[in-house]
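Fit chain B to the known structure of chain A by using the hints.
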Amino acid sequence: MSHPVDEPKGSEITPEAVYSNRRAFIGQAGAFVATSGAWGGALVAVSSRGQADPPEAPPPLPQLGPTTSATAAAPPQVIASPYSTKEAKTSFEAITTYNNFYELGLSKSAPARNAHKLVTRPWAIGIEGEVEKEQLIDLDTLLKWFPLEERIYRMRCVEAWSMVIPWLGFPLAALIKRLNPTSRAKYVAFQTVHDPKMLPGQRQPVLKWPYVEGLRIDEATHPLSMLAIGLYGGALLGQNGAPIRLVVPWKYGFKGIKSIVKIRLQETMPKTSWSEAAPSEYGFYANVNPTVDHPRWSQASERPIGQSGRIETKMFNGYGQHVAKLYRGMDLGTSF
Amino acid sequence: MATRTRKLGWLQPAVLTGSVIPLVVISYRAASGGLGANPIETALNQLGLLGLVLLIASLSCTPLKIVFGLKWPMRLRKTLGLMGFATIALHFLVYLAIDKELNVQDVVDDITKRPFIAIGFSAFVLLVPLALTSTKGALKRLGSTRWRKLHRLVYLAVPLGVIHFYMRVKIDVSEPIVYGVVLALLLAVRLKKRS
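Chains as they are written, first to last, in our numbering: chain A, -18 to 317; chain B, 339 to 533.
Since the hints were made in silico from the structure, they are not lab data. Cβ coordinates follow ideal geometry from the N, Cα and C atoms, glycine included. Just to be clear, a hint being listed does not mean it is correct.
[Claimed, not checked] Selected chain B positions facing chain A (in silico; Cβ < 8 Å):
1) Gly356
2) Ile359
3) Val363
4) Ala375
5) Leu388
6) Asp510
[Said to hold, decoys possible] Per label pair, the in silico range of CB-to-CB distance:
7) Arg3(A) to Lys474(B): 55 to 61 Å
8) Leu494(B) to Glu262(A): 24 to 30 Å
9) Thr483(B) to Arg3(A): 43 to 49 Å
10) Leu408(B) to Ala10(A): 31 to 37 Å
11) Ser472(B) to Ala5(A): 53 to 59 Å
12) Ala10(A) to Tyr493(B): 34 to 40 Å
13) Ala5(A) to Glu439(B): 49 to 55 Å
14) Pro177(A) to Leu408(B): 41 to 47 Å
15) Glu513(B) to Asp199(A): 38 to 44 Å
[Stated by the list, open to error] Within a straight-line C-alpha distance of at most 25 Å, the following computed BS3-like cross-link-like pairs (lysine-lysine) qualify:
16) Lys295(A) to Lys451(B)
17) Lys295(A) to Lys345(B)
18) Lys530(B) to Lys487(B)
19) Lys70(A) to Lys295(A)
20) Lys409(B) to Lys295(A)
21) Lys508(B) to Lys252(A)
22) Lys508(B) to Lys189(A)
23) Lys409(B) to Lys487(B)
This is chain A alone, in the form it adopts within the complex:
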């Protein structure tokens, strides 16, 4: 009696070798995908750093002037400046995600990610040294003393890239004048806040903290030198040196000390962080100078952020007509 059930014909039976080969193939394909994915993913993780998302809009400016019902809603009056360049501004996104602020992290994108840790109110600035009266001034009090100006300045980083930034602030000269410096005030020293809780980068000894900078008194009182509290019409973000920073457009960007808590007028040349860390690479003056190269790269040209290609770097970052006279008779090759 034959079985009515259809038994597969011998030719239809998958040979065992093929069957086990397919299993082996699937196993190998899985191993291939897992290994290539893991190896590729590890290489991507090691070689690239996380990018920072740009903030959507600048935060509103702090309330300036006496608060009344009439002024409460009105934005502060901002004066346009004849010192502004007409060059195209760098995007808000680039200005707020590509930063050197080691106190908030060593990579370019880290400061934007860590900026929320920096608490900028209340904020006071110590005024010390050769002034009529040493004092601790609340920042919001200080901001009521001076009208705000918008100044669109070129910013040339010592790393051979540049931006065009619409700063909001007031001339440093106006503050210094108000402080009535004595005749012994030959230099101005600045200091960044020192608080590793707000500035986690200060836990790493990459520079001697706090960051310090300085200017000669004639540089500090030059009308181009300003203290900035905002950019692009809003308040400064942490990564840009909130709540108040120095801007000296004819010098390399590292002179623009951020998150200032101390301003001291003094008779002797102050120490500056980068010239202390690497005196052969960074000097006290740090004037933008295409003829004095950094030991590791040329300063003759720069890469404007947001544009393709390089442009020639100008002496004093293009502000020579205003500031060259400050350095007459000096050898800028040795006093770099």
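Relative to the frame of chain A, chain B by itself:
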């Protein structure tokens, strides 16, 4: 042994594919604006670091055999080395063609005036003959002894690459030092084996 060889047939293609993935990621990010505000600097940094990691991975194959008796990494040595070279070649090409816009005078000035560039360039140049003689045919033509002598150049090229990285970093040198220590350990294993 034959079945074992067949079993691991997927390994070398997988590592090759994995080594190409970061290049695809960098190209995609470059095209989509994902490299940030200074894409050329970012691409140079990432390609340089990636090339160094691949070359050090290639140099770790023999020590893994010496210390742990692992044989399978040896199948990857050539793939990792060639991918490392290809990545460093791309790093140099981005510097030459995009960063320096093919301005040969600028590049010559950079190489002659700046030790940082000169050392990186030397490392790349030293890798070229190794890549050119990576085929079986070249090994036969040169003979095993001469081939191995020539390929010792890698022990000069990769440390130069680490020094180049060390000099590139402005102030925080911890990362290049980690690579330097790993490289030193790998070389120490071989020297110990020879003595």
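These are the hints, each one checked on the structure:
Look at glycine 356(B): its Cβ gets to within about 3 Å of chain A, closer than 8 Å, so that hint holds up. At a threshold of 8 Å, the smallest CB-CB gap from isoleucine 359(B) to chain A is about 3 Å, leaving the interface hint in force. With a cut of 8 Å, the hint placing valine 363(B) at the interface with chain A holds, because the nearest CB-to-CB distance is about 5 Å. Checking alanine 375(B) against chain A: minimum C-beta separation of about 3 Å stays under 8 Å; hint holds.
Among the interface hints, the one on leucine 388(B) holds; its C-beta lies about 4 Å from the nearest C-beta in chain A, closer than the 8 Å criterion. Because the smallest distance between the Cβ of aspartate 510(B) and any Cβ of chain A comes to about 5 Å, under 8 Å, the interface hint for this residue holds. For the pair arginine 3(A) and lysine 474(B), the beta carbons lie near 32 Å from each other, so the given range of 55 to 61 Å is not met. Under the hint 24 to 30 Å, the C-beta atoms of leucine 494(B) and glutamate 262(A), about 27 Å apart, fit the expected range.
Range check, threonine 483(B) to arginine 3(A): Cβ separation about 46 Å, and the 43 to 49 Å hint holds. At about 24 Å, the beta-carbon gap between leucine 408(B) and alanine 10(A) misses the expected band of 31 to 37 Å. Separation of serine 472(B) from alanine 5(A) is about 30 Å and departs from the stated range, judged on CB atoms against 53 to 59 Å. The hinted range of 34 to 40 Å is satisfied by alanine 10(A) and tyrosine 493(B), whose Cβ atoms lie roughly 37 Å apart.
About 52 Å separates the C-beta atoms of alanine 5(A) and glutamate 439(B), a value consistent with the hinted range of 49 to 55 Å. The beta-carbon spacing between proline 177(A) and leucine 408(B), approximately 44 Å, falls within the hinted interval of 41 to 47 Å. For the pair glutamate 513(B) and aspartate 199(A), the supplied restraint of 38 to 44 Å holds, since their beta-carbon distance comes to about 41 Å. At roughly 21 Å between alpha-carbon atoms, lysine 295(A) and lysine 451(B) fall within 25 Å of each other, so this suggested pair holds.
Taken as a hint, the lysine 295(A) and lysine 345(B) pair is broken in the structure, with Cα atoms around 63 Å apart against an allowance of 25 Å. Between lysine 530(B) and lysine 487(B) the CA atoms are separated by roughly 18 Å; this keeps the pair inside 25 Å, and the hint holds. The suggested pairing of lysine 70(A) with lysine 295(A) holds, with an alpha-carbon distance near 18 Å, which does not exceed 25 Å. Of the supplied pair hints, the one linking lysine 409(B) and lysine 295(A) is violated, its CA atoms being roughly 59 Å apart against a limit of 25 Å.
For the given pair, lysine 508(B) sits about 19 Å from lysine 252(A) by alpha-carbon distance, which is consistent with the 25 Å threshold. Between lysine 508(B) and lysine 189(A), the direct Cα distance comes to roughly 14 Å. Compliance with the 25 Å bound is thereby established for this hinted pair. Between lysine 409(B) and lysine 487(B), the direct Cα distance comes to roughly 22 Å. Compliance with the 25 Å bound is thereby established for this hinted pair.
Violated hints, listed in ascending order, are 7, 10, 11, 17, 20; each of the other numbered hints is respected by the structure.
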